[in-house]
Amino acid sequence: MAKALLLFVRRAFFFSMIKICKTILTLANLIMGLEIEQPTVGLSKVAVSETHGEDSPYFAGWKAYDEDPYDELENPSGVIQMGLAENQVSFDLLEEYLEKHSEASTWGQGATGFRENALFQDYHGLKSFRQAMASFMEQIRGGRAKFDPDRVVLTAGATAANELLIFILADPGDALLVPIPYYPGFDRDLRWRTGVKIVPIHCDSSNNFQVTPQALEAAYKDAEAMNIKVRGVLITNPSNPLGATIQRSVLEDILDFATQKNIHLVSDEIYSGSTFSSSEFVSIAEILEARGYKDSERVHIVYSLSKDLGLPGFRVGTIYSYNDKVVTTARKMSSFTLISSQTQHLLATMLSDKVFTKNYIKINRERLRKRYEMIIQGLRSAGIECLKGNAGLFCWMNLSPLLKTPTKEGELSLWNSIIHDLKLNISPGSSCHCSEPGWFRVCFANMGEQTLEVALKRIHNFMEQKKTETN
Amino acid sequence: MTLTQIRTQSKEPEHPPRKPTGATGMRLIVPLQGVVQGRGGLILGSLIPCALFYFFHLYLKRHRSANPSSNPPSPSASSPNLADIPRTASRSNLSSRGSFGPGRASISTRAMSIAKPNDSPYYIGLDKVSGNPYDRTSNPDGIIQLGLSENRLCLDLIEKWMAKNLRDSIVGTDGDDLNINGITTYQPFDGLMELKVAMANFMSRVVGKVVSFDASQMVLTAGATPAVEILSFCLADHGNAFLVPTPYYPGFDRDMRWRTGVELVPVHCRSTDNFILSVTALEQAYNHARKRGLKVRGLLISNPSNPVGNLLPRERLFDILNFAQEKNIHIISDEIFAGSVYGEDEFVSMAQILEEEDFDKNRVHIIYGLSKDLSLPGFRVGAIYSYNENVLTAAKRLTRFSSISAPSQRLLASMLSDASFIEEYIETNKKRIGNIYGLFVEGFRRLGIRCMESSAGLYCWADMGKLIPSYSEKGELDLWDKLLNIAKINVTPGSACHCIEPGWFRCCFTTLTEDDIPIVIERIRKVAETCKSPG
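From first to last, the protein sequence lines stand for chains A and B. Taking this note's numbering, the leading residue of the first sequence gets 11, the next gets one more, and so forth. Taking this note's numbering, the leading residue of the second sequence gets 502, the next gets one more, and so forth.
Simulated from the structure, these hints should not be mistaken for lab results. Possibly wrong hints are sitting among the right ones.
[Stated by the list, open to error] Quick list of in silico lysine to aspartate or glutamate cross-link-like pairs, EDC-like style, CA-CA up to 16 Å:
(1) Lys342(A) with Asp754(B)
(2) Lys862(B) with Asp919(B)
(3) Lys897(B) with Glu60(A)
(4) Lys629(B) with Asp334(A)
(5) Lys342(A) with Asp628(B)
(6) Lys931(B) with Glu827(B)
(7) Lys335(A) with Glu383(A)
(8) Lys617(B) with Glu60(A)
(9) Lys433(A) with Glu60(A)
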């Protein structure tokens, strides 16, 4: 009865408001003799919302780069892009493989290969590709966890995988707990169309930005205080922007917390193949295996080939869930974000080649480690320290000593001068919601070694200048 | 308050609460009923309801924590299956639940309905065929698929093109057209410009070169499915509605509604009109939606129509544009079968009308894709073509969730730019579809089954009304079941397409060869004999 009456009164209210407005308008019309213009056809709230975040500083730096991009020969004083986490260090390995194995990019002899592929739009995805992905994920984890191809759901990129998962795990108005600092894209991917909120889990430099049980509890209480229902915790492991793997004990704590609160745990392991040494990365899958998969239905892993394999243009992502219902639902929903069957076929061939993948993973790791060491050395000799990292395509640089004021404004003003004077596009910590000002994410894998040298030289000169200024 | 449930189509208008407690009740309710319907003057019509609303809100606020069930529950009344799903309502007590029994973190309410097994005959049929698909040599007793509008008639032409042009590996080093250099990295999410230009030219060719499409007004998506969903997200809010003429493609129920929370209001078309939309029906449906309290944001038409296969005449397109202008709503024109017109009738695209006449372009959005006309559903290529800058901006941003894989973009840009190949392909495709259509419809005619007049699409709309045991949806589904399980033929029943007249079935024939047709006809005949209703 109460429900029906409320509905009724609500409707009456709205109709009456419309009436009042109409009355006022007609009066105004009469008084001023104005002509009411034909209203332009409207768009939805989603369409006009700012949640896409493209006006934030994170993306403003990209504009500066687009307008004046660095080129070794053509534009040596242009802006160097260090804000894009792309892996270009191992492209030659891919090229070599594809040159030797043309059957991956054609469909071999005979008609059936191409025909079937061209018509294949099954949201289950090509079985051979799912198997290849599962085995690739196993290889990255050194065989310490097993992956079942039937639990692999394919999506067009990890962006789509994350969004899809949130559609399934949470209702509009619910919340996810995410440790800060986090990837700026989450604000858009997890919230925009889903209507879900993000409640930050506070981490700071005192313990290298690691998640603590106290911080988890505090975040949960924050959500409670705002009357918001928490549906899950989302972690990125290895972390973006920190460039470091999450320790086993911390993962255990987070899993225990999720179990105790009966919420989901999403582990975005998109950089798992970019850890500098295989042994340092512990996947949530390993923790589950050690626990005999007890109560694993709350855990979901997101992966993609955009970072580890350097193929973001191919749009390949996956959701790996230990929850049957999530797998079936995600599969159906993946109709909105299927991977081209041509790409599935190509990558299935490539990733099933265990010799190739083993070699690739090893060499990729090595090259990333070398790059990391190069940039750390370069920064250190300029007097800049970074967080100790062991993974990813970037480092987390500490410029807090350079801030005029230890505030977000101070950080943004420093960032502005780095873009305009140093001509380097790096990502300010505030765009990653970092609670401490002065941290910056610097990408090092999306360029050649020469370019990195140039960037380090610019930083060195800048720091020299600063030293002479203070003396 | 969140309405997270996807409402199933209910045909009755919602009634205001009718629980008069005696005469006093009636005296209270009747005038208030008028208020609800928007009648009543300023005092009765406006101030009293405002006051009522305010006090009610206060009452609820005070009693919320004590009585969670007084919150507006999700409208589950229309979906009985949900009654037994553990309720973890979004506003129930938030204190630490501690041990929640054998803890099972639940999925969202909107996911619940999607997780249910498909109950539409459209999907059930498709699943059954994949379990036992017909093959002339290896599985002659399998189920013949006539429920998937897929075009296999011209794959040989595409194969030939691939064989000729893909001879080198896709990693060429000297600027070879199809190499992957430069496309492994992040590309614009709304598609490579080279593909947009090629698509624009292809679309222009498909509609007979009477319109030119501008590549900068195009947004590419991974198939037409996300294109439809993205437009739904951009043009309507949760709880708003779109008008859709019936019968319509069963996939719209998923694409337009699942994650957007948008409703589809059917605009019923009848066989007496050849299932062509009438303005009267539009007005009726619009008013019906208004009465139910739904805000209509747009009209979704398929032209050429799926499942009927007919074309909207020019005058009807004018009527639709006028209607949309009058009601200030959007028009989504799904023209995905534009290249599959084999008949004599002229296909007129919305784009053509907009170029010729002076209508407000900002409300028109066209959907296209390569799954039907170019037989490449696996490659996932769809397009939104809009004249509205704001829609294009929003849609572009949303394509990050549904981008086309770059190597496929490169390959297709190359194929679509091959003008002589495309010319040959489009002409041959039309001829072959027309040919199979002719044979198929003739076979049906000999069985006494008439097909609706159609000139496009990969299917025919067959009237099997004489064969169904009772002139009702149940009778239709009985026949569908017989056809699926006894005749081993999967066709799509009209009820899955929300057709208001029972007995109609969509039969896709472009997956068949000429030799398969007699087999199909024979199987149907066997069932038809047993079905002939007396008199």
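Each hint tested on the structure:
A distance of roughly 13 Å separates the Cα atoms of lysine 342(A) and aspartate 754(B); the hinted pair therefore holds under the 16 Å criterion. Under the criterion of a C-alpha separation no larger than 16 Å, the hint pairing lysine 862(B) with aspartate 919(B) is inconsistent with the structure, at around 31 Å. A threshold of 16 Å between alpha carbons decides the hint, and for lysine 897(B) with glutamate 60(A) the separation of about 14 Å falls inside it, so the pair holds. A hinted pair counts as satisfied when its Cα atoms are at most 16 Å apart, and lysine 629(B) with aspartate 334(A) does not qualify at roughly 21 Å.
As the CA atoms of lysine 342(A) and aspartate 628(B) are separated by approximately 13 Å, the hinted pair is consistent with the 16 Å bound. Proximity of lysine 931(B) to glutamate 827(B) is assessed by CA-CA distance (about 37 Å); at most 16 Å being required, the pair is judged violated. For the proposed pair lysine 335(A) and glutamate 383(A), the alpha carbon gap of about 44 Å is over 16 Å, so the pair is violated. Taken as a hint, the lysine 617(B) and glutamate 60(A) pair is broken in the structure, with Cα atoms around 34 Å apart against an allowance of 16 Å.
For a cut-off of 16 Å, the pair hint linking lysine 433(A) to glutamate 60(A) is broken: about 28 Å separates their Cα positions.
Violated hints, listed in ascending order, are 2, 4, 6, 7, 8, 9; each of the other numbered hints is respected by the structure.
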